[in-house]
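2 protein chains.
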Amino acid sequence: MRDIDITEVKAWAREGGDLARHYFNNVVGKRKADRSWVTQADVEVEQLLRNRIAARYPDHGIMGEEQGVGEIDREFVWSIDPIDGTGAFVSGLPLWCVSVGLMRRGHPYLGVIYMPILDDCYWADAEGPAYRNEEPIRVITAETIDGNDWIAVSSNAHRIFTISFPGKTRSLSSIAADLCYVARGSALGALIGRANLWDIAAGLSILRAAGGTVRGLSGADLTFHDMLDGRKLPEPIVAASPEMISTLRGYVSRR
Amino acid sequence: MRDIDITEVKAWAREGGDLARHYFNNVVGKRKADRSWVTQADVEVEQLLRNRIAARYPDHGIMGEEQGVGEIDREFVWSIDPIDGTGAFVSGLPLWCVSVGLMRRGHPYLGVIYMPILDDCYWADAEGPAYRNEEPIRVITAETIDGNDWIAVSSNAHRIFTISFPGKTRSLSSIAADLCYVARGSALGALIGRANLWDIAAGLSILRAAGGTVRGLSGADLTFHDMLDGRKLPEPIVAASPEMISTLRGYVSRR
Chain D
1 MRDIDITEVK AWAREGGDLA RHYFNNVVGK RKADRSWVTQ ADVEVEQLLR
51 NRIAARYPDH GIMGEEQGVG EIDREFVWSI DPIDGTGAFV SGLPLWCVSV
101 GLMRRGHPYL GVIYMPILDD CYWADAEGPA YRNEEPIRVI TAETIDGNDW
151 IAVSSNAHRI FTISFPGKTR SLSSIAADLC YVARGSALGA LIGRANLWDI
201 AAGLSILRAA GGTVRGLSGA DLTFHDMLDG RKLPEPIVAA SPEMISTLRG
251 YVSRR
Chain Z
1001 MRDIDITEVK AWAREGGDLA RHYFNNVVGK RKADRSWVTQ ADVEVEQLLR
1051 NRIAARYPDH GIMGEEQGVG EIDREFVWSI DPIDGTGAFV SGLPLWCVSV
1101 GLMRRGHPYL GVIYMPILDD CYWADAEGPA YRNEEPIRVI TAETIDGNDW
1151 IAVSSNAHRI FTISFPGKTR SLSSIAADLC YVARGSALGA LIGRANLWDI
1201 AAGLSILRAA GGTVRGLSGA DLTFHDMLDG RKLPEPIVAA SPEMISTLRG
1251 YVSRR
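Sequence order for the protein chains is D and Z.
The first sequence begins at 1 in our numbering and counts up by one.
The second sequence begins at 1001 in our numbering and counts up by one.
Errors might be hidden in some of the hints.
[As the list claims (entries may be wrong)] Listed below are several chain D residues computed to face chain Z (Cβ distance under 7 angstroms; list not exhaustive):
1. Gly92
2. Ser155
3. His158
4. Ile163
5. Lys168
6. Ser171
7. Ser186
8. Asn196
[What the hints assert, rightly or not] Each pair of labels, with its calculated beta carbon distance range:
9. D:Leu222 with Z:Gly1128: 48 to 56 angstroms
10. D:Ala54 with Z:Asn1148: 42 to 50 angstroms
11. D:Asn26 with Z:Arg1194: 33 to 41 angstroms
12. Z:Pro1058 with D:Gly250: 33 to 41 angstroms
13. Z:Ser1253 with D:Glu127: 48 to 56 angstroms
14. D:His22 with Z:Asn1148: 17 to 25 angstroms
15. Z:Ala1220 with D:Glu134: 48 to 56 angstroms
16. Z:Asn1051 with D:Lys232: 19 to 27 angstroms
17. Z:Gln1047 with D:Gly219: 46 to 54 angstroms
18. Z:Glu1071 with D:Arg21: 39 to 47 angstroms
If you're looking for bench data, these hints aren't it; they were derived computationally from the structure.
We put the CB at the ideal spot given by N, CA and C, even for glycine.
The whole structure should be built from the sequences, with the hints applied where relevant.
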């Protein structure tokens, strides 16, 4: 069922990214001022996305990082993060992105993640493969893990977890980016903290379409319906190919 | 003494970055193939830089990541890393850079680091401040550390160190980038493993010109003359403002 025009959603994400990019690096060295600039960018991009969605799909719900939860008692609810990776954005780091996900009856349905600095657009329709730009992408599986394999971890992982993964860990500063780099087969997996739905909604659709999955660090199956009202994930999650999930979980323990 | 034309060095770094960028993302999903592409990019960029340097400064020495150590018994020795952050490069991550440093009598003299994806050029002459593009940059000092402060750490830090830093840790995948983000006052500091001279030569000049310094994790003072022949740093180092160094060292212990 191709009831949503994803080409249009990609255009919205790109429009939001272009808007945010005007604020990027506009203030340097004044960290407090940087933070308020960013808030302004977040607010403007979210408003832009909400306007586009509401005009095109007036009977859909929307929940987003800045304006919070609207009408969620709908078949379709958009979950948007205007700038995922705020910390990266204020620090002049490149991996922040615009994340636009659509949930249907509480399940990830489709998603678009646009990274303005790389000009990379990751996306997945309700059917078919996941893409980086026009190229299909796929998660990877490793029989053995070598020193060049890497997983994405959150930037507070050093305080929360002991990680014995024999390869590298990288904190990309954006959960949406974490999921994209797993989906494209660059990272073997990602260890993600207690995210909000807008952090993961788009990425979950892209990851699934790329052959990947997520599971709670405890091993629990996950449902996302309860997150529509703004609740966070009940526990950290691991994202990877289905074959890698339990291996990766085994490398992580709570400190 | 302004005996080196840094404008020209910046142009070389940019030329090298533009060359490397042609290889970036040219192959996706084939990790082994990706790695050989990169080697090709590394080799070509280093050759380009060596050609430029040798033509302009025939009596200077050169040491670099790919071709190794040449004549180092000279007053001036260039230390170049054609692509610092190879792992980032092959993974489609944005923070790889071209690093061109000049050592004089074993001391960092000047440096240029160019990040093609961000189109950011960090540089410092033998005199004067450090710059990001045309903007002077400066390290930061924090009286108290909050959850938004961050330090750059190496991608194997999880296996080597226990880190109790109360803010965030980020692994940018490039030592040269680590030093730039400290120099510009985004990161409070960086924890860097046993680097080669080509990883740090340019960054040390930029960091110093931005008011920062480095020290061994043990607290030892560092000299770099012995690294001209290809030896690595004797121990991990911490880079930060002089006021932050011992505070940051206190957050790190060996596992």
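Verification of the hints:
no., hint, in the structure
1, Gly92, "5 angstroms, holds"
2, Ser155, "4 angstroms, holds"
3, His158, "4 angstroms, holds"
4, Ile163, "4 angstroms, holds"
5, Lys168, "4 angstroms, holds"
6, Ser171, "5 angstroms, holds"
7, Ser186, "4 angstroms, holds"
8, Asn196, "17 angstroms, violated"
9, D:Leu222 with Z:Gly1128: 48 to 56 angstroms, "54 angstroms, holds"
10, D:Ala54 with Z:Asn1148: 42 to 50 angstroms, "32 angstroms, violated"
11, D:Asn26 with Z:Arg1194: 33 to 41 angstroms, "37 angstroms, holds"
12, Z:Pro1058 with D:Gly250: 33 to 41 angstroms, "57 angstroms, violated"
13, Z:Ser1253 with D:Glu127: 48 to 56 angstroms, "51 angstroms, holds"
14, D:His22 with Z:Asn1148: 17 to 25 angstroms, "23 angstroms, holds"
15, Z:Ala1220 with D:Glu134: 48 to 56 angstroms, "52 angstroms, holds"
16, Z:Asn1051 with D:Lys232: 19 to 27 angstroms, "55 angstroms, violated"
17, Z:Gln1047 with D:Gly219: 46 to 54 angstroms, "51 angstroms, holds"
18, Z:Glu1071 with D:Arg21: 39 to 47 angstroms, "45 angstroms, holds"
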